[in-house]
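Put chain B on the given structure of chain A with help from the hints.
There are 2 protein chains.
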Amino acid sequence: MMPLPARAALGQGSFAIDGSLRVVFEGHTEPRLDRARQRFLDTLFRRTGIPQWPAPAANAPALTIRTAGPSAAVQEVADDESYRLTVTPAGATLEAPTPLGAMHGLQTFLQLIQLTPQGFAVPAVTIEDKPRFAWRGLMVDSGRHFIPMDVLYRTLDGMEAVKLNVFHWHLSEDQGFRMESKSFPLLTGMGSDGLYYTQEQAKELIAYARDRGIRVIPEFDMPGHAGSWFVGYPDLASGTGPYHIERRWGVFDPAMDPTRESTYKFLDTFFGEMTALFPDAYFHIGGDECNGKEWDRNPRIQAWMREHNLKDDAALQAYFTTRVQELVTKHHKIPVGWDEILQPTTPKAVVIQSWRGAESLADAARRGYNVILSSGYYIDLSQPASEHYVVDPLAGPASKLTAEQQKHVLGGEATIWSELVSPETIESRIWPRTAAIAERLWSPADVTDMASMYRRLAVVSQTLTWHGIPYLATSENMIQRIAGGGDVDALKVLASVVQPPKGYARHDLKTYTSLTPLNLLVDAVPPESDQARVFREIAGRIADGSATPGDHKQAREWLTLWRDNDAVLQPTLAGSALAKELVPVSQGLKESAAMGLAALDAIEKNVPVSAAEQAEQLAVLKGLEVPRAVLLIATVPGVETLVKAERR
Amino acid sequence: MMPLPARAALGQGSFAIDGSLRVVFEGHTEPRLDRARQRFLDTLFRRTGIPQWPAPAANAPALTIRTAGPSAAVQEVADDESYRLTVTPAGATLEAPTPLGAMHGLQTFLQLIQLTPQGFAVPAVTIEDKPRFAWRGLMVDSGRHFIPMDVLYRTLDGMEAVKLNVFHWHLSEDQGFRMESKSFPLLTGMGSDGLYYTQEQAKELIAYARDRGIRVIPEFDMPGHAGSWFVGYPDLASGTGPYHIERRWGVFDPAMDPTRESTYKFLDTFFGEMTALFPDAYFHIGGDECNGKEWDRNPRIQAWMREHNLKDDAALQAYFTTRVQELVTKHHKIPVGWDEILQPTTPKAVVIQSWRGAESLADAARRGYNVILSSGYYIDLSQPASEHYVVDPLAGPASKLTAEQQKHVLGGEATIWSELVSPETIESRIWPRTAAIAERLWSPADVTDMASMYRRLAVVSQTLTWHGIPYLATSENMIQRIAGGGDVDALKVLASVVQPPKGYARHDLKTYTSLTPLNLLVDAVPPESDQARVFREIAGRIADGSATPGDHKQAREWLTLWRDNDAVLQPTLAGSALAKELVPVSQGLKESAAMGLAALDAIEKNVPVSAAEQAEQLAVLKGLEVPRAVLLIATVPGVETLVKAERR
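For the record, the sequence lines run as chains A and B. Residue 1 is where the first sequence starts when you use our numbering, and the numbers rise one by one after that. Residue 1 is where the second sequence starts when you use our numbering, and the numbers rise one by one after that.
To be clear, the hints were calculated from the coordinates, so they are not data collected in a lab. Each hint should be verified, as a subset may be incorrect.
One copy or two, it doesn't matter: identical chains are merged, so the pair holds either way.
Stated by the list, open to error - Derived lysine-lysine pairs resembling DSS-like cross-links, with alpha carbons at most 30 Å apart: (1) LYS580 x LYS502; (2) LYS330 x LYS502; (3) LYS590 x LYS492; (4) LYS293 x LYS644; (5) LYS590 x LYS182.
Chain A with its partners taken away, still in its complex shape:
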């Protein structure tokens, strides 16, 4: 299960699942619950491959759902999401105060299904569950790369499966304005390359999300990151234009003009339209990374600043933010913004989304603002799940807050910024790691066992397939494409042990634009190599003497495979434009594996090596740590561990 429930007690025996399973409602019902029931059954029968019986007997085993009453008409942060699930060999009961809890309980039931020697079954268990944090989100950046509706729908399906409840939709960027505006049609008409969502689609997505207990919060980033607005409406900007849709990545100069009333008039109308479209109580206005250069270059703006005693760009942005917040509030929404919007004058109603770090989060909470943590949850940065899993919104500086202040920490949001994801690759960047973040935000704080997390994450990976999320197959298909008819198996050997460099390193290694194909091996492999992680663990055990004979055997098998793979793979690499950059990567894998084998021999035969020899090996390995073709050879750290373990 992921996320693990707050409390669970295993019982005796199990509840057998077959095509006769009935789901019976008691208490409150609503169409949303009927749809949840159908979705549950569809997933269950997809999961098991069992056909549903057309007319199960009235006394067939049942899952009874008892819902006390409705949740809020528009889902609220304070909504009760708790549930109680009781499974016995004779049947199952799911009790919840609201449909939200009932829907979470259904997902828990699905995760409990196991294939036993006797058939599919759910173990007898009593679960009492509720989330630790009320705000458990995923931000999808549809601005930089447009993400089609079908991908978003599948993403919402996955969010439901791991009990996330906020879909934060980043809808405008320098590279594209993605939401239809009827008041200002040139926003998408000139700022989107034709890639945008209609309001009808937005409404459908909001309904789809509500059906899954998920709130939808739109973000329109301003005053920076707003270049695409200005292509159609240059008067909004602080520079002279002409403006164009940005194809590069980074922080750019175009910024809204905070000094003209026409800007606020525009935004007032725009907010009126968008706040009517998005029912959630919260409305995200961005506010990050405005570099102020257009302001500095505009004499009219400079004069205005002097006139109004605004001493610098930060002060001008604070003025802008205050005005924007007032507009959002006027339209009956609670503003949300990134760290930068927090100024001395910021009203307490504003919610701060922290991307800069735990310190800024704690600081805002201390000052009485509601806060959401995203620092540490940037899933676009190719960090392993373990690094996200240890990030706790109430750890570090926040742990020193009073209980009252800690209540301001509403939760957190994973963020998939889309410079380096395409519609094809985004799902393999979101999943499965977001499930680990979902567990951090739902489960008790003391659920921290890393080995257990990785064990369960592997199950989630496969489980998401039954929810219709095809990201494993997509990676497979991309590798097939890269092989170009060559030796796919050999390419997979390499693919299993390479991974993208962490953080922003890819941008240093290659120039990417929005037109760069993301169809190379770095885009096909998961951000984290499971095989390399396991190898590292084995190497650690060999080094500290706790390894089993099986560990030694596995290490030798893998090292041999990696060393010998290069010769098999090279013809394939030579034949494919998408693979030829992998020549040095495959060679590097071979070199590191050969050194690993030598080290393993030395360790197993207890042969000493000289300090000079060892130092030389480590120097070579250091060289192999450097990315090749924008890829890390993830086996290198494990080999380093082995080399360091050689007897001197």
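Coordinates of chain B only, in the frame set by chain A:
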């Protein structure tokens, strides 16, 4: 490419594909062509992973499509489907008399895309192409297992990719009536378990098919195979009822009553509704496998037959068929039926679909009927692609027809009867083998090289993925499910070399109903084991002395893998209800592999074996040919070849 074009001549160099590719129309245009263009580009960019440029330069390389004029408003058998495709390094031109040819040419262009060391490209080529047969179909049985719309849409996508042009939709069976009738709502109301298509969905499917150059022909099977009609309308039947939706498979007694005028009144109204819904000129009335038992048991019907001088059930069915044909003709459609409808009195306008064999096809054509071949194209029977590929509508008895008579052979149809397919498995039964049949029906008669076919079929398998058909991933997921968290790799070793028994043998080995889960290994593996086929070929070369050292090495590697896999796999089998029946299969694989290894040793070392020893080995292998757990161990024939090759 599959199907291979009628004529192709390779040129010099190649046409590079990138995100700037433009598709330009000249001559006739229509919205269908615009959509075909978009679909082409979507597939092309999915295939390559390249993002489409928002605004390619006006002088960017282009594919120019020149269409002379429209095709018929409702696609006709006689429509011109030819095209001419010219690719040079500077650009490509596609010329066609009608949009049908243009669409076929676009699919050819997609199949020509290759990944080279320099990037994606299409080789310079001139292709002049047109189909050998005008009727190239696939029949999907939605009656026995309901097949959801999304699967049908994907199937039409696949049909477009391989240039099939008739979707024959088998819509009623004893096990379910699947098309909404507004005149007779109880047909689906009581005869479908709620699993049926609305007329709105049918219209959408017809439009979707037309967009892909595919005609849609509905089939309503009568007078037999019609039990589901009688659940809501028992007066149509010849027995006393009550009638129920059949859950078993086979030929059942319920049959329409040919002796009452009310039957024809009902059918007249029903045909009126359905012929208005389906625009195609042809209308399929089934007619197969009526056993007549309800007629024999009904004294009123027997009396009526005597009164009308109908001497037996065949005569009564002939009477019924004539009446039904008259009704269909009255509604301005050309009737199509299975072999059985052909009677001395059958009007020449009727089309005969031959399922009984080549003899009945030739016979009907000789008598002047238009005919379609399905015998030999029953893809539900788990035959290898090679067996379908050799079936030529104009071979065998038909080869003795006059040229004029041969014109009556319109083409053929693959048929996927759905006793043993579910929505999950149907696509892996349709693909890739249907592509081989499509080639038989499109390409020149002398395109018969089996090795070439298998080579290209493997490419098609992967290509269909880029058309959105996920059947490879589905098989993978099913194997994951069967492993139940156990050793998937070991299960895959077994899965790669087992296959379902051919023909109707599965029904003899196990009782299936419409509620039997189709989630075991026999449903997850392809109908044909590629690895076992290649192994058989290698064994053949070893036996006749033409094997390379690589052949010997490969045979030894595989045999060793198969022999040793059992020990690894058994714990997984013990833990999964879906896998435990595989225990003797895995053991059988081990036994056969061990014998294969011994034979290989004997051959390589030139050690003689006694006749008795050899006979004993062959006897054991004979035993291993018998299906276990409804599965064949497909390595056995190859091992038999090796054993027979031992020196005595």
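Outcome of the hint check:
1. With identical chains, the CA atoms of LYS580 and LYS502 are at most 30 Å apart within one copy only, with a shortest distance of 23 Å there and 43 Å across copies.
2. Taking the closest pair of Cα atoms, LYS330 and LYS502 never come within 30 Å of each other, the shortest separation being 42 Å inside a single copy and 72 Å across copies.
3. Proximity of LYS590 and LYS492 under a CA criterion of 30 Å is satisfied in both settings, with 14 Å inside one chain copy and 27 Å between copies.
4. When the C-alpha separation of LYS293 and LYS644 is checked against a cutoff of 30 Å, the pair qualifies neither within a copy, at 51 Å, nor between copies, at 84 Å.
5. Within a single copy, LYS590 and LYS182 get their C-alpha atoms no closer than 58 Å, and across copies no closer than 69 Å, so neither meets the 30 Å cut-off.
In terms of the numbered hints stated before, the structure departs from hints 2, 4, 5, listed from lowest to highest.
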